[in-house]
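Q: Make the full structure from the sequences, and use the hints.
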Amino acid sequence: MSGYFTILRMQLRSRYGLSVIKSNYRNDKKAFRKQLVIFASAAFGFLAILGSYSVLVYEASKLFIGGGQGSLLLLYAFLAILVMILFFGLIVVLGTLFFARDSEFLSTLPVHQRTVFLSKLTMVYISELAISLGLLAPVVIIYGVMANMGVLFYIKAAVIWLFVPAIPLLIASILASLFMGFIGKTRHRSMLAIIGGLAGLVLIMFAQTSLSALLRNTDPNAILQALSQPNGLINIMGASFPPSAWAVNALVSDGFEGVKYLLGFIGLSAALFVVVTFIASKIYYRGALSQLETLKKLKVVARSAYVKKQRTPLRAMFVREWKTILRSPVYAINSLTGIVLGFVVMVLPLIGTAAMSGAESEEVFGLLREANQDIVCLALAGIMAIIGSINPAASTALSREGGAFWSSTAFPVAFEKQVQSKFLFGYSIAAATAFTTGAGAVVGMGVNPLTAFFAFLFALVLLVGTTVVSLEIDLIRPKFGWNNETEAIKQNMNSLYAMLLSMLLVALLGLLAYLLFNVIAQTLLISLIIVVVAAAFSAAGYAVLMKTAAGARYEY
Amino acid sequence: MIQIENVTKTYSKSKTKAVDDLSVQTRDGEIFGFIGPNGAGKTTTIKMLVGILKPDSGRIAINGINFEDSPIELKSIIGYVPDSHDIYDRLTGIEYLNFIGDIYSVPAKARKANIEKYLAMFNLEKAAGEIIRSYSHGMKQKIIVAAALMHEPQYWILDEPMTGLDPKSAHLLKQEMKAHCAKGNTVFFSTHVLEVVEHLCDRIGIIDDGKLIALGTLGELRSKAQNETSLENIFFKLTEEPEGGE
Numbered sequence: 014m015s016g017y018f019t020i021l022r023m024q025l026r027s028r029y030g031l032s033v034i035k036s037n038y039r040n041d042k043k044a045f046r047k048q049l050v051i052f053a054s055a056a057f058g059f060l061a062i063l064g065s066y067s068v069l070v071y072e073a074s075k076l077f078i079g080g081g082q083g084s085l086l087l088l089y090a091f092l093a094i095l096v097m098i099l100f101f102g103l104i105v106v107l108g109t110l111f112f113a114r115d116s117e118f119l120s121t122l123p124v125h126q127r128t129v130f131l132s133k134l135t136m137v138y139i140s141e142l143a144i145s146l147g148l149l150a151p152v153v154i155i156y157g158v159m160a161n162m163g164v165l166f167y168i169k170a171a172v173i174w175l176f177v178p179a180i181p182l183l184i185a186s187i188l189a190s191l192f193m194g195f196i197g198k199t200r201h202r203s204m205l206a207i208i209g210g211l212a213g214l215v216l217i218m219f220a221q222t223s224l225s226a227l228l229r230n231t232d233p234n235a236i237l238q239a240l241s242q243p244n245g246l247i248n249i250m251g252a253s254f255p256p257s258a259w260a261v262n263a264l265v266s267d268g269f270e271g272v273k274y275l276l277g278f279i280g281l282s283a284a285l286f287v288v289v290t291f292i293a294s295k296i297y298y299r300g301a302l303s304q305l306e307t308l309k310k311l312k313v314v315a316r317s318a319y320v321k322k323q324r325t326p327l328r329a330m331f332v333r334e335w336k337t338i339l340r341s342p343v344y345a346i347n348s349l350t351g352i353v354l355g356f357v358v359m360v361l362p363l364i365g366t367a368a369m370s371g372a373e374s375e376e377v378f379g380l381l382r383e384a385n386q387d388i389v390c391l392a393l394a395g396i397m398a399i400i401g402s403i404n405p406a407a408s409t410a411l412s413r414e415g416g417a418f419w420s421s422t423a424f425p426v427a428f429e430k431q432v433q434s435k436f437l438f439g440y441s442i443a444a445a446t447a448f449t450t451g452a453g454a455v456v457g458m459g460v461n462p463l464t465a466f467f468a469f470l471f472a473l474v475l476l477v478g479t480t481v482v483s484l485e486i487d488l489i490r491p492k493f494g495w496n497n498e499t500e501a502i503k504q505n506m507n508s509l510y511a512m513l514l515s516m517l518l519v520a521l522l523g524l525l526a527y528l529l530f531n532v533i534a535q536t537l538l539i540s541l542i543i544v545v546v547a548a549a550f551s552a553a554g555y556a557v558l559m560k561t562a563a564g565a566r567y568e569y
Numbered sequence: 172m173i174q175i176e177n178v179t180k181t182y183s184k185s186k187t188k189a190v191d192d193l194s195v196q197t198r199d200g201e202i203f204g205f206i207g208p209n210g211a212g213k214t215t216t217i218k219m220l221v222g223i224l225k226p227d228s229g230r231i232a233i234n235g236i237n238f239e240d241s242p243i244e245l246k247s248i249i250g251y252v253p254d255s256h257d258i259y260d261r262l263t264g265i266e267y268l269n270f271i272g273d274i275y276s277v278p279a280k281a282r283k284a285n286i287e288k289y290l291a292m293f294n295l296e297k298a299a300g301e302i303i304r305s306y307s308h309g310m311k312q313k314i315i316v317a318a319a320l321m322h323e324p325q326y327w328i329l330d331e332p333m334t335g336l337d338p339k340s341a342h343l344l345k346q347e348m349k350a351h352c353a354k355g356n357t358v359f360f361s362t363h364v365l366e367v368v369e370h371l372c373d374r375i376g377i378i379d380d381g382k383l384i385a386l387g388t389l390g391e392l393r394s395k396a397q398n399e400t401s402l403e404n405i406f407f408k409l410t411e412e413p414e415g416g417e
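Chains as they are written, first to last, in this note's numbering: chain A, 14 to 569; chain B, 172 to 417.
Hints are computed from structural coordinates only; laboratory data are not their basis. Predicted model only: the values in this text are computed from it and were never measured. C-beta: ideal position from N, C-alpha, C; glycine also. Hints may contain errors.
[Unchecked claim] With the Cβ distance kept under 8 Å, some of the chain A side facing chain B (calculated, not the full set): (1) Arg299; (2) Val313; (3) Val314; (4) Arg324; (5) Pro326; (6) Thr337; (7) Arg340; (8) Ser341; (9) Gly416; (10) Thr422; (11) Ala423; (12) Pro425; (13) Tyr569.
[Claimed, not checked] Heads up, incomplete: computed chain A residues facing chain B, CB under 7 Å, no partners named: (14) Val320; (15) Lys321; (16) Gln323; (17) Ala417; (18) Ser420; (19) Phe424; (20) Val426.
A: What follows is the structure, encoded as structure tokens:
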């Protein structure tokens, strides 16, 4: 056990920079104050989001409790958190446990592979626990107060919270361990890891949506019967991920019934833990260390192929960015997920409508075809911009360089040009995502292809702005010091800030469009105004980005 | 000519000066060895020479060019080997060399000739098609050295270039350094291997606690260290704390 705690302590210190903070407090008050300011800004941003989220929860609680289905709100919260941890947990587990730089070092220590695996998994668990707290606490507290729940409710909620990440994270770990153990001895494992990772995310999404669609086929009489009982819908709605229903039943049921569900929730976690521990004790290193080996037969390059096509520095750096992303499973899964999911999200309604009759589905698609196409175009462009800007390609472009950044500063290329190459790289991923999202909208929702095309053009303008904002954040506070690629891209706050600011930008344009609808009747004119505003912001943002690049100075 | 004039550098994380009022001037056609204990300020000085770090005060100019006025022009005449292997290791060896060739705008003919030359010299021909991440420590060092020299820079600024090289590769690199300087060019390098400095360098600078404590030919250093014969003894004599001193 001492090995487990020693490794965990080391990982936590390294991950959260605790030693650096301590050292700065003692030796460099200026750096410490800077850290405090960054922490305070992050806390302020977090509190602002938490406040808005709490208001939403409060409004929803009034609706649900008024309708006699108050605990449905709890169910939605648990369902969302569990599915989210399962979805993102797969990415984090792959990055932290299987593609970490320290695997080689840790494998030389006189500790069992199971111990290393569990200490790393605990580190992931702690961060997921913190995220769960932020999402769950407002729901539990607001519901508890409004429904006059007793102390026992909060105690049970605290116990359940401690186990909330367990089931999805352990499922993600089992999937990741088996998958990495399987591909560990294959020749093209990096590519397989990228394809497998992306396919896994798509599968989770499809499985979740298919289960939800099945629910819509539930006998209407059963739903009516459930509605007549307080909180009767939980088991029906929770069927898409049963542990979520167990958690809610454990919370709201009295006496032994509640304890039974609580034990079921904890029991499943414990059973999965045993399975994970067993798998890890057998094959963890096979998957983690195989990344360090070269199984491929040496590919000797012929002399005639020594010189590749000559490129300009800008193009060379752009190509290098793409090659790096495509050869790193962690970078690829995080950056390219949007391209795949953009399409998947838009075709998901097909699964839902598959359960409907032909006339019903035609009615749904007909609504979109008959709607004002200017408004559909604007809305679709907004969706494309949001999905296109949630990838961390631009917001971690500089951070991902890590130690190589310092060598690149010795290149005879202006830093502005290096930033341009990163902008083009981030923009290319965002544009590809917008394209697949548009294609998905045409295929899955029956959007007019011409409308989707104009929406794509508008999104291209808007994505300049969101990419600029994302890159600007990384330029201002890059994270060069990291131990594994997951820390550089997934556990980098810049990607969260960029995503929130990009969404805010799109939301502000949406608000502007809404306000204009009240004063201007012509929707085409409104669309043109929005495009011009977006273009102006994008152009100004790009100019600011180049100015930031020209004046950028980083402390080695 | 490399001119370092009264250069001082303090890291914000530390109050002590990493480099303290350093002045060194190299001559055209010379191999200049820069030695000192760990943490003496060698790497900081070299990082300032190649533009990674900015001095707090003082002036650095290479071939009469400084970073404030013409950073791109200055960087293009330098070949730099860093002390770490933090490079783009998701590229193959040949991709990395071509990437550097693109960055330094090396014409195709010269690029081909130099890639062939350095891959053969370092025995990397078979590994050139592999991802750098899979290279051994020594192979990474070789590809970094090859990339640094590929654009035929006038000034070689090398931070511990021999680290990890096998004896044959180290020998060939030393021959290259001599041939480079014989054409009137300059090599400025740091190392901990005193035998290399003793046999290779025209002049030597010894840095300790950020300060230049000795500068000159081996003969000049000998006389400064009261006629100690080997560079090792000279080094120890000059870098050791005086009895009872701070």
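Q: So, for every hint listed, does it hold in this structure?
A: Status of each hint after checking the structure:
no.	hint	in the structure
1	Arg299	violated (18 Å)
2	Val313	holds (5 Å)
3	Val314	holds (4 Å)
4	Arg324	holds (5 Å)
5	Pro326	holds (5 Å)
6	Thr337	holds (4 Å)
7	Arg340	holds (4 Å)
8	Ser341	holds (6 Å)
9	Gly416	holds (3 Å)
10	Thr422	holds (5 Å)
11	Ala423	holds (4 Å)
12	Pro425	holds (4 Å)
13	Tyr569	holds (6 Å)
14	Val320	holds (5 Å)
15	Lys321	holds (4 Å)
16	Gln323	holds (6 Å)
17	Ala417	holds (5 Å)
18	Ser420	holds (5 Å)
19	Phe424	holds (5 Å)
20	Val426	holds (6 Å)
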